[in-house]
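*Asks:* Here is how the chains run, residue by residue.
There are 6 protein chains.
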Amino acid sequence: MRPSQRQADQLRDIKIELGYAKHAEGSCLIHFGETKVLCTATVEEKVPPFIKDSGAGWVTAEYGMLPRSTHTRMSREAAQGKQTGRTQEIQRLIGRALRSVTDFSAMGERQIKVDCDVIQADGGTRTAAITGGYLALHMAFQKLKRDGIISKNPLTDFLAAISCGIINGEAVLDLDYMEDSNAIADANFVITGSGKIVEIQATAEQTPFERWEFEALLKLAEDGIKTLIELQRQVLKEAEESSSAA
Amino acid sequence: MRPSQRQADQLRDIKIELGYAKHAEGSCLIHFGETKVLCTATVEEKVPPFIKDSGAGWVTAEYGMLPRSTHTRMSREAAQGKQTGRTQEIQRLIGRALRSVTDFSAMGERQIKVDCDVIQADGGTRTAAITGGYLALHMAFQKLKRDGIISKNPLTDFLAAISCGIINGEAVLDLDYMEDSNAIADANFVITGSGKIVEIQATAEQTPFERWEFEALLKLAEDGIKTLIELQRQVLKEAEESSSAA
Amino acid sequence: MRPSQRQADQLRDIKIELGYAKHAEGSCLIHFGETKVLCTATVEEKVPPFIKDSGAGWVTAEYGMLPRSTHTRMSREAAQGKQTGRTQEIQRLIGRALRSVTDFSAMGERQIKVDCDVIQADGGTRTAAITGGYLALHMAFQKLKRDGIISKNPLTDFLAAISCGIINGEAVLDLDYMEDSNAIADANFVITGSGKIVEIQATAEQTPFERWEFEALLKLAEDGIKTLIELQRQVLKEAEESSSAA
Amino acid sequence: MRPSQRQADQLRDIKIELGYAKHAEGSCLIHFGETKVLCTATVEEKVPPFIKDSGAGWVTAEYGMLPRSTHTRMSREAAQGKQTGRTQEIQRLIGRALRSVTDFSAMGERQIKVDCDVIQADGGTRTAAITGGYLALHMAFQKLKRDGIISKNPLTDFLAAISCGIINGEAVLDLDYMEDSNAIADANFVITGSGKIVEIQATAEQTPFERWEFEALLKLAEDGIKTLIELQRQVLKEAEESSSAA
Amino acid sequence: MRPSQRQADQLRDIKIELGYAKHAEGSCLIHFGETKVLCTATVEEKVPPFIKDSGAGWVTAEYGMLPRSTHTRMSREAAQGKQTGRTQEIQRLIGRALRSVTDFSAMGERQIKVDCDVIQADGGTRTAAITGGYLALHMAFQKLKRDGIISKNPLTDFLAAISCGIINGEAVLDLDYMEDSNAIADANFVITGSGKIVEIQATAEQTPFERWEFEALLKLAEDGIKTLIELQRQVLKEAEESSSAA
Amino acid sequence: MRPSQRQADQLRDIKIELGYAKHAEGSCLIHFGETKVLCTATVEEKVPPFIKDSGAGWVTAEYGMLPRSTHTRMSREAAQGKQTGRTQEIQRLIGRALRSVTDFSAMGERQIKVDCDVIQADGGTRTAAITGGYLALHMAFQKLKRDGIISKNPLTDFLAAISCGIINGEAVLDLDYMEDSNAIADANFVITGSGKIVEIQATAEQTPFERWEFEALLKLAEDGIKTLIELQRQVLKEAEESSSAA
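These protein sequence lines are chains A, B, C, D, E and F, in that order. Oh and the first sequence: position 74 is 74 in the UniProt record's numbering, straight run, nothing missing. Oh and the second sequence: position 233 is 233 in the UniProt record's numbering, straight run, nothing missing. Oh and the third sequence: position 41 is 41 in the UniProt record's numbering, straight run, nothing missing. Oh and the fourth sequence: position 224 is 224 in the UniProt record's numbering, straight run, nothing missing. Oh and the fifth sequence: position 202 is 202 in the UniProt record's numbering, straight run, nothing missing. Oh and the sixth sequence: position 93 is 93 in the UniProt record's numbering, straight run, nothing missing.
If you are wondering where the hints come from, they were derived from the structure by calculation, not from laboratory data. The structure presented is a predicted model; accordingly, all values stated were derived computationally and were not measured. Mixed in with the good hints, there may be bad ones.
The list makes no distinction among identical chains, and a pair is therefore deemed to hold if it is satisfied within one copy or across any two copies.
What the hints assert, rightly or not - In silico SDA-like cross-links for lysine to any residue, where the CA-CA straight-line distance does not exceed 25 Å:
1. K46 x H71
2. K196 x E34
3. K46 x K226
4. K196 x E215
5. K237 x L29
6. K196 x T70
7. K219 x S151
8. K22 x Y177
9. K237 x G19
10. K152 x Q206
11. K52 x Q80
12. K143 x K196
13. K15 x S244
14. K82 x S244
15. K82 x K226
16. K52 x D223
17. K82 x S243
18. K22 x S4
19. K52 x L11
20. K82 x I14
21. K219 x Q201
22. K226 x R211
23. K145 x R110
24. K46 x E238
25. K46 x D176
26. K82 x A216
27. K143 x M74
28. K52 x H71
29. K219 x Q10
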């Protein structure tokens with residue numbers, strides 16, 4: 001039995017507050033249990049040099065943690081004068097994942113920046129950020145469409161992410177912080193609504209692991225992500241209905 | 001009439017969620033209308049060199065804004081590699097204000113770091129940060145007391161802050177962003193529970209102002225801060241009662 | 001009696017050497033007792049992006065201290081790779097103060113940078129910098145006028161600054177370093193030739209102070225600044241006469 | 001047929017020059033075709049704070065590219081004043097991989113730093129760095145053993161890495177730069193001598209990919225890495241024989 | 001007798017591998033004994049602002065050392081976030097030296113960046129960098145000429161550099177690391193093919209030295225540089241013949 | 001005839017104000033014509049790690065320019081976040097020069113930091129800094145001796161520096177800014193009271209120069225430095241007499 005009393009294939013309670021940030025074009029506060037990440041999407045008409053005059057757009061992401069989002073306080077990156085390697089790795093991952101389901105030519109020559117800021121951390125912040133960042137991005141595209149700036153939502157598929165790990169010889173889904181600290185291996189998966197793979201990152205934390213163990217992690221992730229995407233569909237549908245009603 | 005339909009001497013709706021951050025020794029999410037600041041207090045046994053072996057403690061503060069807390073997105077300071085002058089000015093102000101009501105010898109040789117992070121900005125973030133930072137600090141001290149580490153709460157008085165400004169020739173209390181942008185002068189006041197002055201910062205934004213105008217701002221602030229401190233007393237009392245009950 | 005044998009309302013010896021720096025468009029070395037600040041004004045035809053094509057100008061300031069201007073040597077900011085929060089706070093204050101008496105539309109689309117560098121520090125460097133920076137700026141505008149580039153001096157009023165503080169229960173004017181270290185409260189005032197307020201920064205260094213104490217500080221400052229502005233008028237008049245004679 | 005005329009499961013020419021750097025405790029210049037990476041291992045008696053007084057050791061890695069190792073010149077990171085996110089991601093990967101086969105308690109309280117510097121880049125620099133970094137580390141441990149400082153080589157297994165990708169619908173092994181630019185998906189695998197998985201990083205560069213495509217990449221990698229490890233065994237055996245002979 | 005068994009006026013073995021780096025427009029790996037420096041020349045059509053629209057070109061240089069090129073490992077400058085004063089001094093010297101023999105108007109409005117990276121250090125890295133950097137630059141200009149982009153090679157003379165020093169009262173040529181550590185004075189000379197002086201840097205490492213000692217160093221350098229330039233002529237001639245043959 | 005009407009071998013007016021900075025242990029404001037450099041020496045009991053517990057001392061130097069010390073304003077290095085290569089090169093030169101005449105064992109385990117800040121620049125700032133820095137250092141050592149902390153002044157010789165250059169085919173002494181801009185070659189010499197060489201830096205600014213031209217520069221420098229050192233002796237003697245009289 002897991003410390004959180006969950007089954008091996010059970011997600012934590014997932015809660016999504018769409019539109020949490022009043023100024024952003026798209027936003028949500030997403031909860032994976034005690035992990036809370038605020039995701040906002042900002043539409044900018046200014047594009048990076050490498051797509052200038054291409055007619056196509058770009059999506060990028062930034063990630064941060066509030067200093068006391070963690071069990072013991074982390075140094076504030078702005079005060080340190082630089083982002084850690086971990087931060088950069090995660091924000092590159094989020095950006096890559098979101099771009100894999102975006103049709104750049106359908107979004108026009110503009111850029112969307114997705115900010116994922118961890119308000120409270122209890123394991124799985126990067127997977128919550130991708131899952132919530134997708135929703136913020138979706139809302140921003142819907143707004144551009146409602147405003148008549150683009151003719152269709154450029155997202156080509158749904159997208160969510162989840163972590164899995166091996167603890168005491170068993171593969172389990174959606175690790176919280178205590179589990180994450182004890183896992184011998186730990187993997188993050190990003191998968192689309194149609195079940196295609198966008199990213200796999202599997203790492204032996206202490207000792208190398210067997211191929212069949214990896215297969216077990218992948219299987220758990222495929223099922224968990226299906227549940228997450230079902231939830232995304234639902235909250236977006238509700239939002240769409242309420243904005244149509246308005 | 002003000003754009004927000006408030007009276008000249010009327011505060012915005014103030015809402016305080018004590019204990020918002022699960023990991024911190026003290027915390028609150030404070031709302032001044034649409035402005036939301038998350039304040040956390042972290043107890044650290046490690047002290048800065050200048051108080052080493054003095055037996056006394058220290059209180060310091062850091063301030064930040066989430067990139068899309070604002071109307072248009074701001075650059076992330078961690079990505080820029082440095083904190084702006086404005087950020088440094090504000091965090092120095094918060095630290096100074098909190099230290100003015102702390103008895104360092106009563107807190108033992110330890111440091112408390114108060115982090116104030118703006119989740120959403122609509123004017124008055126620094127005054128919300130001081131008012132909420134005081135509460136986070138108070139909770140952290142109460143925890144140290146409950147844990148038997150210190151014998152009394154080292155805070156010597158209550159403390160809150162508010163902004164005032166001159167708009168269309170009239171002095172008004174607790175400016176929101178739209179008002180702040182139109183004020184010819186703008187002042188921030190930090191005042192204690194016993195009505196003593198901790199800090200006054202009054203600035204002519206466009207044109208220098210008259211002494212009697214300044215007096216009007218000070219009067220508004222004194223009254224507004226009384227209300228804020230009454231609210232602080234109340235939420236702390238409720239928290240104390242519920243933790244005694246537990 | 002004060003350590004310097006001055007009366008409570010007595011300024012230190014003020015000495016102004018206009019035109020100290022041969023390359024700058026305007027400059028002075030200003031002495032407030034043993035405090036010496038070199039102020040230079042540089043006219044630049046390049047303007048910051050936010051006023052581009054507006055037809056109007058801008059005034060900005062930078063502040064620095066030579067490493068051994070102080071009692072014990074300070075680290076060189078250039079070697080540390082960043083300006084301290086104190087430095088940024090002071091240079092923002094100087095720039096704001098000078099802008100409050102400048103008519104941007106009368107100066108054309110150009111920028112003036114006022115550099116205030118502390119050659120020797122003995123308290124009151126920021127107020128000496130504002131008082132001297134005003135003179136450097138005035139000279140630079142007069143030069144633009146003499147050169148036929150602008151038709152009138154864009155400064156709309158005189159401007160000076162002074163510090164006051166509470167020591168042993170008494171309010172005193174123009175603190176030197178020893179007094180500054182012992183003050184329980186300390187305030188800086190920036191006031192115009194017509195007696196209007198540009199900036200007030202009052203801070204409880206150790207313990208919060210009473211409102212009537214603040215009023216006493218403000219009264220001292222108003223009188224001290226009148227004397228400083230009289231001196232400014234005089235040195236500028238002499239300079240104007242000697243440049244007309246030439 | 002691949003641009004390089006190789007079969008889908010064929011490695012480039014692998015060449016290893018053990019002991020290339022005269023000052024380092026272990027080193028090799030490794031060639032994966034035209035990709036050349038210089039790997040050095042440095043033994044340091046000073047350890048990072050988190051293992052101080054633990055009696056155990058640590059292995060860490062740094063990665064860099066010479067500015068003109070690439071087709072078009074890259075900015076020098078030292079001149080830019082920071083390492084890119086890509087650089088940090090790669091050096092974290094190399095360090096993690098090497099640590100997964102190191103018995104820290106057998107190496108004593110010391111640290112080994114493995115530097116991997118790309119002399120010439122033609123795709124696959126990170127996998128060459130891991131494969132060559134393992135050899136440099138092995139040599140450094142052998143030297144510590146020969147010098148009587150440790151009693152056995154703390155490496156618990158062999159270790160190598162390879163990239164694979166999907167090009168024109170086919171899975172191919174060991175991508176060079178031209179192939180890498182055209183791959184729709186790209187994966188890096190780190191695997192031990194006993195066939196266990198240390199790290200998998202699979203990324204959809206353009207479009208998400210199918211699970212069976214991923215399986216094909218993994219199969220190719222397992223075979224390719226067997227060949228690399230066979231080569232490692234051989235060069236280490238030769239080195240050992242020649243150093244015994246000496 | 002010198003530790004290396006060389007005569008006082010004897011160079012170390014000099015070895016030059018022209019065209020070592022496959023991507024660069026010009027390159028060589030130059031050996032001064034155990035010192036190895038990789039020099040590459042990159043042609044860029046983008047020019048620095050101060051020569052924009054002048055029709056003339058520019059040559060600049062950058063210098064770096066691999067962390068374990070040295071006896072004990074040096075910190076990686078990219079990881080430290082800045083180049084040391086020594087690095088900047090050396091790269092400024094290399095750039096200045098190469099520019100002194102370049103006819104900017106003959107190279108068209110483009111820039112050549114010469115990167116000198118120390119693969120292994122054993123004294124004299126800056127003089128090897130200048131001598132090898134000249135060759136890389138020459139090759140890049142020859143390529144521009146062969147490609148019909150410029151009509152003649154803009155280099156106006158040959159150029160090489162060597163170090164000398166005073167050890168045990170004797171002037172010796174081309175110091176290796178051990179000698180360099182023991183020299184009381186140490187000088188670097190950059191001289192052209194026609195025997196003209198480009199740069200002299202002579203420094204008393206421990207104690208000031210006599211004028212006649214300096215004259216002895218200069219004499220040694222003049223002879224040593226003649227030998228180096230003879231070698232440059234020869235390798236460039238061979239390269240030219242082989243590229244004509246091709 | 002030179003623009004300044006000086007003879008080829010004529011120094012500018014040299015003026016030395018010893019003890020200019022009231023807080024420093026040693027200081028002078030030195031004028032080489034319109035060039036003014038403020039030099040201060042600070043005694044610190046804290047030493048750099050590499051001399052810890054050696055019983056010997058160390059001397060180091062820092063250099064800076066006020067932003068408007070120059071004809072057109074330079075960026076403030078502290079605001080840019082780094083020192084330029086030129087600044088670092090100069091401060092390394094000053095430190096090396098001062099150390100060459102210091103007996104470290106006679107100064108005890110302490111460090112003296114010599115700060116040289118350019119108040120106004122008109123060519124020759126680095127040579128004025130060395131000549132004035134020597135005086136500040138001398139005063140600081142005399143103070144340590146007067147205070148009974150050391151038994152003799154650790155300076156082993158006098159030391160001064162001067163620049164020379166070739167303009168219109170003629171070698172001239174002590175270049176001002178206008179001459180410096182027009183020189184084809186430019187050299188800085190640091191020489192001791194006993195005529196020994198400490199540093200020579202000769203650079204072809206535009207075209208390489210002949211050996212006999214270099215000899216002419218060296219001859220001018222030797223004579224010019226004799227005059228500077230005579231002046232140093234005189235001001236130090238006067239200071240010593242006045243401090244004995246006191």
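*Asks:* With reference to the structure, classify each hint as holding or not holding.
*Replies:* Right, here's what the structure says about each hint:
Within a single copy, K46 and H71 get their C-alpha atoms only as close as 38 Å, which misses the 25 Å cut-off; across copies the closest is 17 Å, which meets it. With identical chains, the CA atoms of K196 and E34 are never at most 25 Å apart, being 28 Å at best within one copy and 34 Å at best between copies. In the homo-oligomer, the alpha carbons of K46 and K226 never lie at most 25 Å apart, since the shortest distance is 35 Å inside one protomer and 46 Å across protomers. Within a single copy, K196 and E215 get their C-alpha atoms as close as 15 Å, and across copies as close as 13 Å, so both meet the 25 Å cut-off.
Proximity of K237 and L29 under a CA criterion of 25 Å is satisfied intra-copy only: 17 Å inside one chain copy versus 30 Å between copies. Taking the shortest Cα distances, K196 and T70 never come within 25 Å of each other, neither inside one copy (33 Å) nor across copies (33 Å). In this assembly of identical chains, the alpha carbons of K219 and S151 never lie at most 25 Å apart, being 37 Å within a copy and 43 Å across copies at closest. In this assembly of identical chains, K22 and Y177 lie within 25 Å of each other by CA distance solely across copies; the values are 13 Å between and 30 Å within a copy.
In this assembly of identical chains, K237 and G19 lie within 25 Å of each other by CA distance solely inside one copy; the values are 14 Å within and 33 Å between copies. For the identical chains of this complex, K152 and Q206 are inter-copy neighbours only, at 20 Å across copies versus 47 Å inside a copy, given an alpha-carbon limit of 25 Å. In this assembly of identical chains, K52 and Q80 lie within 25 Å of each other by CA distance solely across copies; the values are 22 Å between and 33 Å within a copy. In this assembly of identical chains, K143 and K196 lie within 25 Å of each other by CA distance neither inside one copy nor across copies; the values are 27 Å within and 48 Å between.
In the homo-oligomer, the alpha carbons of K15 and S244 lie at most 25 Å apart inside one protomer (23 Å), although the nearest pairing across protomers, at 31 Å, exceeds that limit. For a Cα distance limit of 25 Å, the shortest separation of K82 from S244 qualifies neither inside one copy, at 43 Å, nor across copies, at 43 Å. In the homo-oligomer, the alpha carbons of K82 and K226 never lie at most 25 Å apart, since the shortest distance is 36 Å inside one protomer and 40 Å across protomers. Taking the shortest Cα distances, K52 and D223 never come within 25 Å of each other, neither inside one copy (40 Å) nor across copies (43 Å).
Taking identical chains as interchangeable, the C-alpha atoms of K82 and S243 are never at most 25 Å apart, the minima being 40 Å within one chain and 40 Å between chains. For the identical chains of this complex, K22 and S4 are inter-copy neighbours only, at 17 Å across copies versus 34 Å inside a copy, given an alpha-carbon limit of 25 Å. Proximity of K52 and L11 under a CA criterion of 25 Å is satisfied in neither setting, with 42 Å inside one chain copy and 38 Å between copies. In this assembly of identical chains, the alpha carbons of K82 and I14 never lie at most 25 Å apart, being 32 Å within a copy and 35 Å across copies at closest.
Taking the shortest Cα distances, K219 and Q201 sit within 25 Å of each other both inside one copy (14 Å) and across copies (17 Å). Taking the closest pair of Cα atoms, K226 and R211 come within 25 Å of each other both inside a single copy (23 Å) and across two copies (15 Å). Taking the closest pair of Cα atoms, K145 and R110 come within 25 Å of each other only inside a single copy of the chain (14 Å); across copies the shortest separation is 42 Å, beyond that limit. For the homomeric pair K46 and E238, neither the shortest alpha-carbon distance inside one copy (32 Å) nor that between copies (50 Å) is at most 25 Å.
Taking CA atoms no more than 25 Å apart as the test, K46 paired with D176 passes in neither setting, with 39 Å inside one copy and 28 Å between copies. In this homomeric assembly, K82 and A216 never come within 25 Å of each other (Cα to Cα): the closest approach is 37 Å inside a single copy and 39 Å across copies. In the homo-oligomer, the alpha carbons of K143 and M74 lie at most 25 Å apart only across protomers (21 Å), although the nearest pairing inside one protomer, at 36 Å, exceeds that limit. In this assembly of identical chains, the alpha carbons of K52 and H71 lie at most 25 Å apart only when taken from different copies (23 Å versus 43 Å within one copy).
When the C-alpha separation of K219 and Q10 is checked against a cutoff of 25 Å, the pair qualifies only within one copy, where the shortest distance is 13 Å, while the shortest distance between copies is 30 Å.
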